[in-house]
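J.: Given next are the chains, with one letter for each unit.
There are 2 protein chains.
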Amino acid sequence: MAAMQTTLTARYTANGNPVAVIELAEEQLTAPADGQLLVKMLFAPVNPSDINMVEGTYGVKAALPAVGGNEGVGRVVATGGNVSGYAVGDLVKPPGARGTWRQALTVPAAECVKLPASLTAEQAAMLYVNPPTAWRMLHDFVTLADGEWLIQNAANSAVGRCVIQIARALDWRTINLVRRADVVSELEQLGGDIVSVETPDTFKQIKTWTGGNFPRLALNAVGGDSAGTLSKSLGAGGQLITYGGMSKQPIKLATGPLIFKDLSYRGFWMTRWYATHPAVERDEMYAQLAKLFVTSQLKIAVEKTYPLTEVKTAIASALQENRSGKILLDLR
Amino acid sequence: MAAMQTTLTARYTANGNPVAVIELAEEQLTAPADGQLLVKMLFAPVNPSDINMVEGTYGVKAALPAVGGNEGVGRVVATGGNVSGYAVGDLVKPPGARGTWRQALTVPAAECVKLPASLTAEQAAMLYVNPPTAWRMLHDFVTLADGEWLIQNAANSAVGRCVIQIARALDWRTINLVRRADVVSELEQLGGDIVSVETPDTFKQIKTWTGGNFPRLALNAVGGDSAGTLSKSLGAGGQLITYGGMSKQPIKLATGPLIFKDLSYRGFWMTRWYATHPAVERDEMYAQLAKLFVTSQLKIAVEKTYPLTEVKTAIASALQENRSGKILLDLR
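In order, the protein sequences belong to chains A and B.
Take the first sequence: its letters are residues 1 to 332, numbered as in my numbering.
Take the second sequence: its letters are residues 1 to 332, numbered as in my numbering.
Please note that the accuracy of each hint is not assured.
It does not matter which identical chain is meant; a pair holds if it fits inside one copy or across any two.
[Stated by the list, open to error] Each computed DSBU-like pair below joins lysine-lysine, with the alpha-carbon atoms no more than 35 Å apart:
| hint | residue 1 | residue 2 |
| --- | --- | --- |
| 1 | Lys299 | Lys204 |
| 2 | Lys61 | Lys261 |
| 3 | Lys252 | Lys232 |
| 4 | Lys299 | Lys207 |
| 5 | Lys204 | Lys114 |
Hints were generated in silico from the structure; no laboratory data involved.
Here the structure is a predicted model, which is why all the values come from computation and not from measurement.
Turn these sequences into a full structure, and let the hints guide you.
T.: Written as structure tokens, this is what we have:
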């Protein structure tokens with residue numbers, strides 16, 4: 001590896017339409033110094049939040065120029081001095097702030113996250129954002145009883161599909177709202193108990209679906225009318241957790257149910273969770289998620305994999321509706 | 001008291017406009033049996049929630065016919081056998097479900113609440129709803145530091161005025177939004193740190209008012225645009241607590257701040273708090289509030305007092321805007 005002097009990256013020097021502003025660029029690659037790792041990247045997904053970061057519309061902004069991508073996995077190929085806890089061959093997630101759409105990087109070990117060795121490289125590349133978002137929303141708000149119902153919109157999204165599978169594995173039941181009838185049977189096969197195309201009358205069916213055991217947890221990535229549907233579906237003490245706003249419409253809350261049904265409306269942002277929780281909690285969660293991956297109770301479908309040189313095509317694919325899986329970059 | 005066979009009540013046999021449906025009616029009064037108290041009423045307020053109950057627009061409905069009023073105070077004038085903890089002369093709040101707009105009632109002691117003897121009858125009559133609502137909202141959501149800012153709309157309401165006074169006594173600072181300039185100096189004298197007529201640009205002033213220490217607690221009794229103003233005024237981790245919806249407009253929430261600023265939106269209903277917390281917590285709160293009353297750190301202004309026979313006029317007065325105090329019924 002000593003001969004490697006530069007590495008290819010997909011970077012941007014200005015915010016804007018990602019297909020336009022992303023460009024391939026070489027970056028200097030130094031040998032790992034004390035406390036550093038040399039990591040050769042394997043896979044990185046193209047997530048909606050990555051696209052928003054490039055656009056400049058995300059909750060945090062990158063200092064420019066920046067390399068795209070926040071999530072991904074690489075393998076340690078060399079270590080500097082005084083590195084403990086990491087060895088050549090380990091699967092690691094490099095820090096998102098450095099950008100993951102790249103072939104390699106030299107990085108302080110302290111900024112990396114070691115990923116469970118039981119995972120395939122593709123699974124590990126998608127462990128950081130979507131499955132933990134689903135996991136945390138299912139664990140950190142309402143304490144669900146065995147067999148209890150929850151409801152979500154955007155059920156065909158990557159997080160939505162993780163919610164279905166994790167809930168099934170942990171014995172909770174899901175009502176899954178989607179926009180297109182053609183995904184219903186696929187999500188049912190994935191383990192969704194109820195999968196239904198959302199209409200303005202959807203909330204009237206909740207009682208029938210659940211036998212009157214109204215959900216106390218609703219997961220919202222859409223906003224607008226769909227958030228209203230979730231809100232109207234909640235039983236007493238219910239919580240609506242918002243982690244996305246695809247419709248770009250605000251959520252409207254009626255005052256009465258908020259007060260008399262004791263509802264709560266909260267936001268969830270995985271980035272903040274990582275920033276405010278110790279590594280031991282993160283690793284505990286990874287261990288639980290890795291178990292589900294290894295037993296195939298949790299799968300993340302990949303729509304298509306592109307080499308880094310085709311990053312613009314990959315982004316264009318990720319921007320398309322009607323996908324049924326992730327877009328991955330193969331960085332090897 | 002043995003000669004008292006009936007008692008005058010203000011009751012309703014159908015929901016509707018309270019001025020129309022409320023009527024004076026005699027009710028049989030029995031001597032207190034085992035475990036019962038005979039209570040002669042002293043004062044009862046006409047609260048907005050009482051009016052909503054009569055209208056049939058409140059979160060709970062009374063079985064009809066019903067006596068109006070939920071709050072108020074009486075004095076024990078006789079006790080049945082096997083009563084412990086109560087003696088003739090005690091100030092008590094009878095159960096709201098029996099209605100407080102009445103001259104007397106015979107009631108199980110177990111359904112009554114003994115009120116601090118240090119209070120005047122007028123203070124005791126208004127201890128149950130507004131001061132506890134303010135107290136709980138200031139204590140149960142955000143843990144406020146000394147000198148920390150909070151913001152509220154409807155600052156000139158009875159709860160709003162309690163919030164100002166309790167916050168001042170406990171060393172928290174308040175931004176108070178009102179609709180009318182003529183109440184500003186009065187609320188400043190009451191202890192409001194900032195009192196301002198709300199405009200669409202109010203949220204832009206928060207930084208100046210607080211020196212950049214944005215409030216983490218917002219109390220909303222209005223909804224609609226005013227709730228939006230409060231929401232935009234909140235700092236990271238802030239909570240918007242809704243306890244009323246005077247504008248009858250829904251609250252609109254932008255998705256971004258909900259997620260990235262970690263905001264929460266909750267409802268608060270004093271009735272539920274009473275139903276879900278032990279008497280010891282209630283009495284602890286009353287003791288704290290009684291201290292504030294006795295030291296004049298907390299006062300509830302009374303606009304006017306009416307005898308029970310003028311209950312319709314009292315209700316009409318309570319329905320008027322531009323009041324600056326409570327409407328009380330004198331039941332003696």
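J.: For the identical chains here, do Lys252 and Lys232 meet the 35 Å Cα criterion within one copy, between copies, both, or neither?
T.: both (11 Å within a copy, 15 Å between copies)
J.: With 35 Å as the alpha-carbon cut-off, assign the pair Lys299 and Lys204 to within, between, both or neither.
T.: So Lys299 and Lys204 pass the 35 Å test inside one copy only (32 Å; across, 47 Å).
J.: Pop the pair Lys204 and Lys114 into one bin, within, between, both or neither, using alpha-carbon distances up to 35 Å.
T.: For Lys204 and Lys114, neither the intra-copy (46 Å) nor the inter-copy (44 Å) Cα distance is at most 35 Å.
J.: Indicate which option fits the pair Lys299, Lys207 if close means a Cα-Cα distance not exceeding 35 Å: within, between, both or neither.
T.: within (31 Å within a copy, 47 Å between copies)
J.: At most 35 Å between CA atoms: does that hold for Lys61 and Lys261 within a copy, between copies, both, or neither?
T.: between (38 Å within a copy, 15 Å between copies)
Figure legend: structure checked against the earlier numbered hints; the only hint not met is number 5.
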